[in-house]
Structure formats: C-alpha cells, structure tokens
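*Asks:* Please put together the full structure from these sequences, using the hints given.
So the sequences go chain by chain: A and B.
Final position of the first sequence in numbering that gives the first Met the number 0 is 288; the numbers increase by one with none missing.
Final position of the second sequence in numbering that gives the first Met the number 0 is 604; the numbers increase by one with none missing.
Think of the hints as simulated: they come from the structure by calculation, not from any bench.
From a predicted model like this one, the values you see are computed outputs, not experimental measurements.
Not one of these hints is a red herring.
Facing chain A, from chain B, some residues (calculated, C-beta under 10 Å):
| id | residue |
| --- | --- |
| 1 | L79 |
| 2 | P132 |
| 3 | L136 |
| 4 | G138 |
| 5 | I146 |
| 6 | A148 |
| 7 | V157 |
| 8 | L274 |
| 9 | I311 |
| 10 | V318 |
| 11 | P325 |
The calculated label-pair distances, taken between Cβ atoms and stated as ranges, are:
| id | chain 1 | residue 1 | chain 2 | residue 2 | range |
| --- | --- | --- | --- | --- | --- |
| 12 | A | R165 | B | V113 | 56 to 64 Å |
| 13 | B | V308 | A | L176 | 42 to 50 Å |
| 14 | A | L265 | B | I372 | 35 to 43 Å |
Backbone N, C-alpha and C define an ideal beta-carbon position, used for all residues, glycine too.
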Amino acid sequence: MIYLQSAVNGLGIGSLYALVGLAAMFVLRVTGIVNFAVGAIVVLGGLFSSSLAGIPPVAVLVLTALVGVPVGVAVHFMSTRWLRGRSQFAGVLVTVAMASALQGLAYLLYSSDLRYAPQIFAPRSFQLSSSLTVDNGTLLLVAAVVVGYLACWLVLDHTTLGSALRAVSDDPVAARLVGLRVRRIEITAYAVLGALAFFVGNVYAQVDGVTADNVFPTLVGALFGLILGGSGNLLGPLIGGFLVGMAQSVTNARLSDFWGTVVDLLLVVVVLAAVPGGIVADRRQRSVA
Amino acid sequence: MKAPAGSATAAAARRLLLLHSTARPIGRGTFAQERWNWLVRAAVVIVFGWGLLSPSYGLQGALVTAAYPAAVAIAYSLVLGYASVFDFAWNAVVGIGAYAFAFAEQHLGAGPLVGTVLAVVLASILGAVTTLPSAWLSGFQLALVTIAAATVFGAALVSFPSVSGGSSGLPVLRSWFNFSPLDTRAQLGVAIGVVVVTGLAVWATTAGRTGRLLIAAGDDEFLARSLGVRTTRVRVLAATWAGALTGLVASFSVQQAQVALPDSYGLPLLIQVFLVLVVGGRRSVWGPVAGSLIVVAIPAYIGGINGNVLTIVFGLLVVFTVVVRPAGLYQDRMRDRDGVLGALPGPLRMGRTRFRGTSKTSDLRLFTGVEAIGLVKSFGAVRALDHVSFKVGPHEVLGIVGPNGSGKTTLLNCLNGIWRLDEGSLSWRCRDGSKTAPRAAGTIALGRHGVGRSFQTPRVFGGLTLRDNLEVLPGGIRVPPARMDAAVADWELGPWASQSVGFLPHGIRRAVEFARLDLAGASVLLLDEPAAGLSDEELARFVLAVRRWRDEGRCVVLVEHNHELINAVCDRTIVLAAGKVLGVGDLEELRRDEHIREIIGDRLD
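*Replies:* Shown next, in the form of structure tokens:
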C-alpha cells in the first residue's frame, strides 16, 4: 500500500515533469532545438511569483504568466536566435550554458532558500480509501497538465499557427520562401514558452515550493520524460513525465533520494536501448541517409 | 571563366581557374591564422614564463588556478572536441579522480602514489562508462543522460558521508610535494608540468591515425561506420584515455586544494571547462591553455568576484563564443595526420609514418556479390520495398531506375545494413566461393567485408584534409604512399590534397568518394545517384571508372535517374516503382513496355 501511496504522491512531481517536458517539446517542435534552459525558466517563474506576496493568488498567476512573455523572448534573443543552421553541438552547448547562467541569476536574486508562492487553494487532503490520500496540490498539478496538453493539442495540431510552427521547424528556408515570417514565428513561440513556463513555475511554487537548486533536477526529470515518452507525439512527454516522476517517488519512499536519481537514469538508459524512439510512436519518420 | 587565347598558356589558365575555385579552409586565410596561432602560443609561453620569474604571489596563484582547468580541458578535448561525444559527466570524472586520491589517504592510509594510481583508474573507468551509452544514444539524449549521471555522482557524495566526508569533504594532507603555502612559484612549476604532460599526451594521441579516427567518428559517424570504423569502440577508448589523463590532473589539483569538496565538482566546473574549450578551441592543445588564461586566470587575479555573477558571465560567454567564433581563439592548422613525427613543425619534421601491412580481413572473405530474396521494408503505413528480389555478382554493373519515392535509396540502405529488413533475406557471396547470410549484418561488418557506398549527397569528414579522408579505410587498411598518390592523381585531386574537404565543391567531394572506394578495394559498390551534378568531363571520367571496376571483377549497384548513363555502363537494369520490381533486363528493351515507359519516362527519345 505504501507503494500505491507514493505512486499517487509521484503524480505531483510527475505532472511537473510532464508540463516542463511539454514546454520543451513545444520549442523542439518549432525551433528544432532541445532547449536545456526550459527548466531554469520554470524555476525563475516560480521564484518570481514567490516574491509577489500580498497580492491575490489569482492575480499572481496572471501576472507571472505575463512577465514570462518578455523573459521567454529575452532568452530567445540571447541564445537560440543565433542557432539557426548551426550544428546540434552548438545547440546543446549554448542552451546548457544558458541554463547555467539563468541558474546563476536565480541564486543571485533569490539565494537558495525554498520559497512558496501565494496559494490559490488552501492545502487540503482527500481520503481516497483507508490508507490512500491525495492532496489538492497534486490535483491542481494534474489539472494543469490537462490544460497544458489541451492547449498544445489545440495550438499545434488544429490551428493555422500550428501548421506554420511546424513548417518553420521542418524547413525554415522553405517556410520563408512560401512567405512565412520565420523570425516572428520563432519569437512568438518563445513568448508562448515563457508564459507557459512561468505559469508552470507558479503552480509548482504554490504546491511544492521552489529553489534555485531545482533547476537541473527539474530539467533532467522533464527531458527524461520527453525522451522516454518520445518527442514525436504530444502524449510522449506526458506519459514519460508521469512514469519518471512515479518511479522516482516510489524509489525515494522505499530507499532514499539518491536511489531515486539512479533508478530514473537506469530507466532511461535501458528503455532507450530497447525502443530508441521512445514509448509513444512518432507519427513522422525521418530518413537517415 | 575562359582563358583568353594566346595571352596565357593552357597551364597558366588552369592554375588561374584552380586558384579561383579553391575555397580556403579558414575564412581569414591560412596564413593569417598561422601567424595568429604563433602569437597565441607566444603569449601563453610568455605569461607562464613571466609568472615563474616574477615575485608576485597573486599572479602565480592565479596561474595555478588556471592551469588545472586548462589541463582538464586538454584531456576532455579528446572526447568533446575530437570525437564530438556529448559526454557531459566530465565534472564527475574530475571529481572521482580527486576523491579517489583523498580516499586513498583517508581510508586506505596509502601514500600519494597509490592515490594517483587509484585516481587514474577510477576516472578512466567513469570516463568509459559514461561514454558507453553513445552506442545507442546520440546528441542531446547522450548529453542529458550524462548530465544525470554526473548528478548521481554529486548525490552520492552527499548521500554516503562515511565514504566521502559529506559536505565537509575529504582532506588531503600527504602529497607528492610538501610546499609551504607561500611557495607559489613551486606550485606553479608543478601545475605547468601537469599541463605540459597532458598536452604532450593528447598531442601524440591526435597526431596520427588515432586522431584521424577520432575526427572521422566525430564528424560523420554514419560515414565512418560504413567505412568499417567501430565508432563506439573508438569513442569509448578515447574517453578511457582522456579519463586517465583527467584522473592524473585531478590527483594533482586536489593536492593543490588540500581538500576534496562536493561543491567543487558540480555543474559550474563543467561549464568552466566548456568555456575554456570553447574560447580556446576544442580541437587543439594550445587553445585550452590560452582560453583558461582568459576565463580563469583573469577573474582569479582580480579576485573578489561574486560566484553567481561569474556563473552568469561564464554562461553568457559560452553562448557568445559559440555564436561569434565557433572554432575558438586557436584553431589548429589543417594538416595531414602523419603521426607524431609528421606533426612536428616544418624544420623538425622527419618524414611520414612508414607504411605497415594491409587489411586484417582476409581477401577471401570479401563479398563479391549478393542475392536478395523477397526484401520487404515498411515505414509506418508506407511499404518502401515490396518483395524485391534480385541477384548481382562480380564483373557486373546493375542499374536501378525508378521515379522518386520508388524505394531506390531504401534498397541501398537495406543492402548497406543501415535498416533492418522486415522480411526477406540477403545472401552474400564471398570471394572464396562460399555464401553467407548473416541474420542482421551491421554497416560496420559489411564495410569490413568490402561493401562500399557513395551517398546521394557526397559525405566526407569535414575536419580532415582530403588526403586524410582517403586514409580512413575499412579494417585499418594502410595504403602505400605510392598508391595513394596514384589515386589522388587518377581522380585529379592533387591541388586539394592537403586542404580541408569541408569547403570543397560538389564535384570534388564526389571524386573523394570514388577515390575512397578505389583505395578501400571495395568489392561491392553501392552508388546512390553518383552522376547528379557532375560536369560532362567528370561524368566521362566516372563512366571509365565504372567500366574499370567491372573489369577488375567488382560488383556495382548503381541507382540513377540518368538513363543515358545507365545505358552506357549497366549490364542489367531493375525498374522499381512503389517498392515493387516492374522488370529486369536491358533498359532499352524494358522501355518498349508501355507500362514501364509511362512510369520511368521517355527522356531519350
């Protein structure tokens, strides 16, 4: 039963990974770059919202998402904007360095204390059965995942903007030739990313609290979910994120935090050796030679 | 561009043409780059020399602080630079070396010798282990997994305080040298020694054939595999060696620090090493030293800078350098890799490495033909190959024609072991007459058995000179210099032989592929639209080469759209459409069939 309870608890951290993974997949789809800075943007968002004490929580949420827009665009202008047509090497190096710089900024502004954002709902627990409880924070995170998934599904797969975003990702030169404003679309994508990431950061800071120490654990968990689930399908990062979060939570409860990290690492290495593309099949196929 | 008649001889005109079509390897010209490199080397020597001579503790201390990251970066350049492996766990590799040294003293009561040996062994093991997933992960996936592995190492340091001393770390009291803390000159001397040893080791490793293989595996893994290079093995060996060197460096740097602390081996260390490599130049020895002087020594000399501010500045600097000067401050001159002697500066050079032996694969085991039975390959709902069967043997040129998307390249990729077949089998005929039908022969194994490939877009190793490109051959074949020169002359590659191929035009790259097939002695040649984009002159040379290959007893499979070329060289032709074989035989006869003519067109008439 303790396993079931920790699996339920893992839904919370799993939701976080799923959301950050979704954000990472969003920029991956549009710019063709796996952006390692996404985790840092989320944490910055959480820290920012935690500094807004004394304002109604719902207003904090809206304000945070709005502030996320210029932050996302700034990150784009300072790093990924230059990466068009560069090697994957440059992409990984630049975004990892950007993540590290943003983490430095978070330490500088907010030190390494655990901070909470104003809570929309007072913490409460629901009894599911005699020994199984779930708190409303977890439910809030799961609800955020549903909202995030629906938003991405709607925008990416069912709007003209979505088709434009995909076109830009698949072949920027051809996209420009057919008249798409590639630069503007990329900036839009990062604006959306910033808002999404700050929104996620706020929810995260309400439920679990954030610290600048979380930048890389969050990123690794989320990207683990992304590659475990597969990046070709919107469900990929969700399924992967929940899997990683729950595996980690169950191991932590049984052994220690250290073993949680080990189990996640092994999970990814082994699953990817078996299914290189991730658990959820990619609908698009790319050729090698 | 035509030479005006009478005003210049044909040879002069030709020279002129060559000069104009020759792309220089580096934007600013080789000469300027070389002068700049001398400047950087001189600056490094002067700064360190001045540090040794000057009485300033501050300067010497700053140089010591810069020397160890420089040495780590030099070792790491084998992995991240030459082999382009995204092993981002290198901070943990440094950490395990440092902790091993301290552990030997604290827990084993051993002296510095045991400590250093333990550091070297453990660091090389961790280097190898973290590179191993590159067998099935690539790019960002590998970066992510290794970052996570480094996190696990960091978490282990905190989680097992009885071994690691927890957050207060392990002290180092006994060491190789017992300097007084004020004797910064002696400390600098040791640090410079460590840099020199690491530098020499990496330089000797990359000067010759090993360097060539590392760059080949790093620049185009796929091409390297098709040439029979065991890329995973190359990468893991490089990481093992780099890890050993890193362990050595770490064992000395931890003596300098006198304590192994968990915080010293976190992500900031990795970013610092990145920065040193990126600013300095990731495929050189002098570069990281110069880079470290700028990004480590200067802040250390100034002192008192907030660590978080430094992290931000360093991170942004990495971005800036990658964008503005991706090759770094110091870019090694592109040269043929002839071993340690050949890499010496001009006056000291003594000659090329002597040629030793040939391929390890016995000639008798070379494949000379293939029989395909009922090949099926699907991608999702698309059936790219639908029960394709054919047979081709020595002294034969088999053409494959068909509209775009008919499965021609898929067929070559299946023959080449890149894609696994869904159904059907391939049976290879060996030179000794036997037949073999490996269930899943990989690209590397096929390459070693004489299956050669040219690609729709020519593939070359951009970080190597043209001649070095021709020296990456299956099974470590070493070509006698005379034969190499002959091949270069045959394909008219002479003027470009010692240049980087990365900047050469299409026709030349194509000729490099052909010359490589020649030198490798490939007995089954899979050519994917080789004639596309060739000039008439180049095409004529290619036709002669194909006929020569056939006369030599090789087996050629030629995918082409150019029916004229097919008619000129092919003995038989397969017509593919939507993954199915429509007909086999002489192309002219096949074209009499109304249905086939409708599909493959009528361009000749």
